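Given next are the chains, with one letter for each unit.
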Amino acid sequence: MIIASNVSKRFGKLTALNDISVTCNRGQSIALIGPNGSGKTTLIKSILGMVVPDSGFITFDSHNIAKDWNYREQVGYMSQIGRYPDNMTVGQVFRMMMDIRKRKVNQTDQDLFEQFNLGEISEKRMRTLSGGTRQKVSAALAFMFNPKVLILDEPTAGLDPLSSEILKDKIRKEKADGKLVLITSHILSDLDEIISELIYMQDGKLVFHKPIEQLKLDTGEERLSRAIANVMTKK
Amino acid sequence: MKKIIKYVILDILRSRTIIGYTLLLMALSFSVFNVETNSSKGILSLLNVILIIVPLVSIIFSTIYIYNASEFIELLVSQPLKRKSIWISQFAGLSLALSISFLIGCGIPILIFDGTEAGIMILLMGLFLSVIFVSLAMLAAVFTRDKAKGIGISILLWLFFSLLYDGLVLFLLFQFMDYPVEKGLVALSMFNPVDLSRILILLKLDISALMGATSAIFNNFFGQTPGIVLAFTAMLMWILIPLGISIRKFNTKDL
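As you go down the protein sequences, you meet chains A and B in turn. Position in the first sequence counted from 1, then plus 782, gives you my numbering. Position in the second sequence counted from 1, then plus 700, gives you my numbering.
Read the hints as simulated data drawn from the structure, not as lab findings. This structure is a prediction, so every number in the text was calculated from the model and none was measured. Here a beta-carbon is modelled for each residue, glycine too, at the ideal position from N, C-alpha and C.
Simulated crosslink set (SDA-like; lysine to any residue; CA at most 25 Å straight-line):
{"#": "1", "chain 1": "B", "residue 1": "K904", "chain 2": "B", "residue 2": "I753"}
{"#": "2", "chain 1": "B", "residue 1": "K706", "chain 2": "A", "residue 2": "T871"}
{"#": "3", "chain 1": "B", "residue 1": "K847", "chain 2": "A", "residue 2": "F793"}
Calculated Cβ distances over 10 Å to all of chain B for the following chain A residues:
{"#": "4", "residue": "S803"}
{"#": "5", "residue": "P817"}
{"#": "6", "residue": "E936"}
{"#": "7", "residue": "G960"}
{"#": "8", "residue": "E1004"}
Construct the entire structure; sequences and hints are all you get.
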């Protein structure tokens, strides 16, 4: 569904992505893992078209994303740090997004909005929100328009345990519906029950991309966190 | 696209700066017309004020707005929207807001006290200058990530067109005094929107005779239809070229 071919990106002297090729298919749930600064967020932003690669190309349902921007209709994105216009209220942000996507309230997925009780704070301005509440807004927006692809950058960072469980349940449900889920996270225990495949990145390079079962077999470890630790120490 | 323009304008109207700007222009215009007995003298005093204030406020306000809207732009880029239409919407929203506030602030007093051709010309040029300096602001803002640097570039651009350019022209004029440079002066005026609007307004006022021989050349050129058409085309280019370059840059910008 999403195919990246030989994607490279440099920021000045730093090589953020070095010749990355990756294929993601429907129904997969993929974790992007790697040390800080290994290029995970840059890869995600390239898929979203927020970062333009220096070379290589990315296709979405066999359309080159550089030329066809409509694919973002099918993508729900939750960023690492949710940045929203300071002066808008929570309610205004939601109404604006529905307005831009030309959907009415009854055509959208309100599960997270209700479970996070965002209706109660709809009059609050975005700048007054705490980091965790912002994350809830981002999450509710990402799932709201029934996208085929969910791209979640550190989704559970900053969420309280209860909200984090709500979000994980939602991810599991969407995965069961056959959606493609791409997650980056450093909280490996969160990923354990959700993901089916793993991409490991280091210094802008893709080290490996394999199913979780394969990884556990290769490393001889039962738990994901141990398997990853095993890989990291070997490098 | 209309929807984004709507949200940009709503956002601008929420800030008090634009209301303050309108009130400032209005206070200036009314006081100028009340002090001067002759309305064409009033226009002349107003001309100098407008040529300084309108470009300055337009370029600084727009630059700051674009930097403050970076979150908003980032949010929009991840949505199913064309980058070009996001950028043009920002431009349209800013231009519309600044033009409306100029029309209210200066337009009402001018139409009340002086509905002559010169008054209409000053309004037209004020609108052009507002939009041109929004376009230049977008150019300054797209090239630098650093807000302080971007605002610095904007101030330099304003300084260049308002003061430095005239100094340069004057310098050239003295250097080549012995040659017939009048035609060259007409060409040079096209490269500065502030000068161009000053000339176009002055020619509508009677005092243009005071400018001497140069004025005759200007009058000859800008007094005829081809000259006027060329002048307005130049003003239009001052909007379109910076905007076009900034769109191309924004299309490949990393957010």
